[in-house]
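Colleague: The hints should help you fit chain B onto chain A, whose structure is shown.
What follows is the residue order along each chain.
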Amino acid sequence: MLPSGIHFKDHAQELRLLRTGPQRAALLLLLALLALFPLVANSYVIGLAITVAITVIAVAGLQITVGMAGLLNLGQSAFVGVGAFTAAALYANHGMPLLAAVGLAGLASGIVSIVFSLPAIRIRGLYLALTTIAAQVVFPVVVLRLPPTWFGGSAGIGIDRVALFGVAVETPARFYFVALGVMVVMLTVAFNLQRSHVGLVFRAIRDNDIASSVLGVQLGKYKIMAFFAGAVFAGVAGGLYAFYIRYVTTDQFTIWLSIWYLGMLIVGGLSGPLGAILGTLAVTLLQEAIHWGGNRMMAALPQLSGGVIFSVTNIVLGAAIIYMLIREPHGLNHRWSILKSAYRIWPYPRA
Amino acid sequence: MGLLQIAIEGTLTGLVYGLVALAFVVIFRASRIVNLAQGQLVLVGAYVMGTLLSRLPVPVAIGLALAISVLIGVLIERLVFRPLIGQPAFSIVMASIGLLILLQGAVQLIWGAETRPFAAVLPEGIWKLDAILVNKRLLIGAVVTIAAVEALRIFFLKTRIGLRLAAVAEDHYVALSMGVSVQASTRIAWAVGAFVSTLAAMILLSGNVLGLQAGDIGLRALPVALLGGLESLRGALLAGVIVGIGEALAARYLDPLTGGAMSQVFPFMLMVVVLLVRPQGLFGWKVIERL
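Protein chains in written order, with numbering that gives the first Met the number 0: chain A, 0 to 350; chain B, 0 to 290.
Okay, chain A solo, but in the shape it has when bound (with noise of 0.2 Å):
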């Protein structure tokens, strides 16, 4: 809801991300705030923001083919793999600059997702989760087995030296400006596409595929969009990963990553771009969270084991998941957005 005062005179005025002064002003604000904020963070924490920048564009793409198309994947961090190794070999084995090597991540994961997506013609509803599976499956399977000289077989791939437009990009305070920039891109790609005439296909499809059909949707090719669409988001931030971490194999990228992603959106909320951004926020700081308890304890009882933490760690997101699902279906953006409200129109009580 707006504050009182402000009138829209044509749809594409109302249609606007940014339809205020104050939240033009706010936004800038914040980029601001995150431009700077290596100056006041130490390693460990710019470390965690670059994680946090690389999953935010993974949920985000996520979003995209689970909140607003409404099918279901379980794969994510396979096409999340296939960028990472796609952007690693071309820039360690082929000399592609960084940027262009991240770019075609994003769409070689989406054109790997459309062989994935292909039963999309014919199947529906979760029985296509399942082929979604089918690539996590298959990922790693055919990664190793694909030449060597490739994508470096078992061993993977290694990274020696990170360099953008000439520059060295060897600490993580400067490649956190370059997570941070493709991150700001992608968003505001997602953000865009969810107003989009797409986005609103993508809608239609989730709230009920057979009457969207019947009004003219081409289901098959639009199903195949949303997981492209979802895909190349992995892909990029696959490839973002790839030159942060520097070293790339199969193992990092476990259907468990994929069940981690889709935790952190339904804590977040399905609903919108923005429920990537809070749902990674809050997990992330979750995460950390019983990292430092268990830390603490760990000092205080040595017999208590890493494997502890690791298990908490997922007991308390697989709770978090469940008690949002009963409490809160509308995550975390749904919170938010009665916050807003309420702010806007204080001292009123909120509608």
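Don't take every hint at face value.
Claimed, not checked - If you only want the chain A side, here are some residues facing chain B, beta carbon under 8 Å, derived:
(1) Thr130
(2) Val307
(3) Ser310
Please keep in mind that the hints were generated in silico from the structure rather than gathered at the bench.
In this text, a Cβ means the ideal position worked out from N, Cα and C, and glycines have one as well.
Modeller: Only chain B this time, still in chain A's reference frame:
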């Protein structure tokens, strides 16, 4: 190794997949819940039984483990799925993903990540029939599986309670308006599902090593359940046999060419091809969708 030998081994392994898929089908058929946490349900059953077997005499341990898993199933229904009755199918699948993460974490927290031995409750060794070798453990497993399917068929098709469950699988709202309790059905579904899962864990792991990767069987059973059709009990079994034989054949004839890749990918390829021709699986209910 002859073709018949491969077929028999494939059939027996496939029936174990079929048993896990059966648990999945039972839960779906009685509550319309797509339970992606099926592998973790097997995992929990396996750890409960494994722990009891190391402390108690075998029959007591098995009975107690099955009873405990039924309790766990009822508890899952009460805490996770009952509050979600009437929610969209999509939310319920998501909840099963949450359950998957939760159970995996819980098992690791309680029992740790180290592998442990699982006592041999079924006879080990090989039964020789002329030139054909039959694994005794899997043979008994096959008998148990077939018995379980037939018993469940009678339950679902001949008893009043079972027929009510079918109404719930058809549509929650219709079932509620006809006076069928969705809560009660879901509870029965999870109790039976957890029971069958623990049975599958016993056959799968008897005399083997028990570790966290036991839950991966869920990923193998999922294509089996879909291949057979989500509503069909016998279908799960037959699909298990098809996948088992196909996998064994792929392992024998195609893996040497592809470096061991085909037998892993095969179930999924088969599933996709069958679903393209018959989207409801081999024996699933053909649902006519209306606006």
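Colleague: Given Val307(A) as an interface hint, is the shortest Cβ-Cβ distance to chain B below 8 Å?
Modeller: holds (6 Å)
Colleague: With a cut-off of 8 Å, does the beta carbon of Ser310(A) approach a beta carbon of chain B closely enough for the hint to hold?
Modeller: Holds, about 4 Å.
Colleague: Would the hint on Thr130(A) stand, with a C-beta cut-off of 8 Å toward chain B?
Modeller: Holds. Min distance 6 Å.
Violated hints for the displayed structure: none, as all numbered hints are satisfied.
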